[in-house]
Amino acid sequence: MDIYLPIAGQSVNALLIIALGGLVGILSGMFGVGGGFLTTPLLIFYGIPPTVAVASATTQITGASVSGAMSHLRRGGADLQMGAIVVVGGLMGSLVGAAIFRALQASGQIDVVIGSLYVLLLGYIGILMLKDALIALGTIKVKAPEVRPRHNRWVASLPLRWRFYKSGLYISPLAPFALGFGAGILTMLLGIGGGFILVPAMIYLLGMPARVVIGTSLAIILVISAGTTMVHALTTRAVDIVLAGLLLVGGVVGAQYGALLATKMKPDLLRFALAIVILIVAGRMALGLAWRPDEIFTVEYL
Amino acid sequence: MKRLRAAVLAVVALGLMAQAKPVLVPDVSARRVEIRYSFTGAQLLLFGAILYPRGVVPEKTPDIAVVLRGPVQPILIREKEKIAGIWMNADSSRFRSAPAFYAVASSKPIADLLDERTAAIYEVGLQNLQLSPGTGALPEKARRFEAGLIDLRKRGGVYYENPRGVEISEGVLYRARISIPSQVPVGTYTAETFLIQDGRVTSVATRDIEIGKSGFERWVSLVARRHEFLYGLAAVFMSLFLGWAAAMVFRRRF
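These protein sequences, in sequence, are chains V and R.
Yeah, the first sequence ends on 302 if you go by the working numbering, and it's all consecutive.
Yeah, the second sequence ends on 254 if you go by the working numbering, and it's all consecutive.
None of these hints come from the bench; they were simulated from the model.
Glycine included, every Cβ here is placed at the ideal spot set by N, Cα and C.
Some hints here could point you the wrong way.
Under 7 angstroms between C-beta atoms, here's a sample of chain V residues computed to sit facing chain R [said to hold, decoys possible]:
| # | residue |
| --- | --- |
| 1 | Met70 |
| 2 | Leu73 |
| 3 | Val112 |
| 4 | Val113 |
| 5 | Leu248 |
Go ahead and model the full structure; you've got the sequences and the hints to work with.
This is how it looks when you write it as structure tokens:
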């Protein structure tokens, strides 16, 4: 079933796009990631122009996180106070990110920077999560179970502490603000929702309990991706509403099943699975940097 | 008497035409191609007749080349190179007028029809496209980038040559089929027909074809350009609504 996309200016197989949306939706509901790190490369691989792929994937992330966030909120698994602070930082970070993006684009090195950042970030986070999950599952035995502090030492040293009842934390709001700021920059640069950065950072840096992490991260992604969609509609004009709609139809349904799966699976297994997904994507991106690309020449419209 | 006069006139008219060259009467199957939701590309039939002076078909049938060309765009081409183990963009080159679509069909391979100079003058054949490389570019570099662009677009299906794509029947009627893929930009396309005799172009005829979006597709791209803010809001609300609707539907089910 072929459908013509008015903004992308080409026709695509509608069923394939819906299936892609559904797959990403399942991941989004299960792990609390937006799924942009999968949607965007897959759409580009399919032949959609990169700017349209990035902008429309952002729109899809909003929808996928709504249904995920709602089902987590219903189960009481979100810290909105913490989320609001991260969002404020994130929106400021995305403005800085947009400026960096434009500078890199003008120099023609945006692809390499995006690729390298993906590899470094995903590789680091993936290994960290994999190690943790394996320890928790009892596959690796740690000789001396060292007592880990509840949260990072730098986070603990920040002034101005607030109480976050939902997370059971007493930390400075500067820490989630800085986290949001960093995530915002990366969101704009990498064209992703930022979930796969937020989730590990909230667990490992802020020390939030796992049960509120996914809902909180989805609520943050919801607001940031809606904001980014508006920015794209106003500046790049690359949001293809038909493409986003197709992705969403699959995505929102997938997110529901994903959230359901998340409640039925052991959290450590879940973390293990996410670590594997992240490492596969990182490996694929590393190969893409080192291997001779299919296309030596690329066309940019002036 | 009247009949005689008509016959005389006809002879005179033919005599006048004898000094003229053959004339092409071209047409296309569609003057306007509409892009709708199910648009997967279009097939154009470019056909016509060759009118010879005095209506006499020469013994040696002339050849026909048909060129369909899309709107030209200024572009920047970047070339990747392996630097320190990583493939990154190194060199780049600008071209001021690269057609978004270029297809040529001919009754024989272009090389057999025209010498290089003539083919270059009429821009017949992919090797003869005038892409206008940016000023200051070295000729070898411009050629390398040109070859890269043509190869890229050839594989994308927007540049192609069909050396046996024109059929000529009875030496008078010709027709060529050219398919346009769905990813071409909208705009005015020109179909040029060349009548070639003994390595010379003896007649040229041009027809314009409009490719445009229509209906919902046209409306969406207009709104996206003119009412960006509303369009963005619509996209956000659509995603919020679909997400909410799915959550509602599934809440009942589980």
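**OP:** With chain R as the partner, please determine if Val112 (chain V) meets the hint condition of a C-beta pair closer than 7 angstroms.
**Re:** Given a least distance of 4 angstroms, the restraint on Val112 (chain V) holds.
**OP:** Report holds or violated for the interface hint on Met70 (chain V), using the least CB-CB distance to chain R and a cut-off of 7 angstroms.
**Re:** Status holds, d = 4 angstroms.
**OP:** Identify whether the interface hint at Leu248 (chain V) stands, where standing means a beta carbon of chain R within less than 7 angstroms of its own.
**Re:** 5 angstroms, holds
**OP:** Let me know if the C-beta of Val113 (chain V) comes in closer than 7 angstroms to any C-beta of chain R, holds or violated.
**Re:** 9 angstroms, violated
Original post:
Taking the least C-beta to C-beta distance, is Leu73 (chain V) closer than 7 angstroms to chain R?
Top reply: 10 angstroms, violated
The earlier numbered hints that this structure contradicts are 2, 4.
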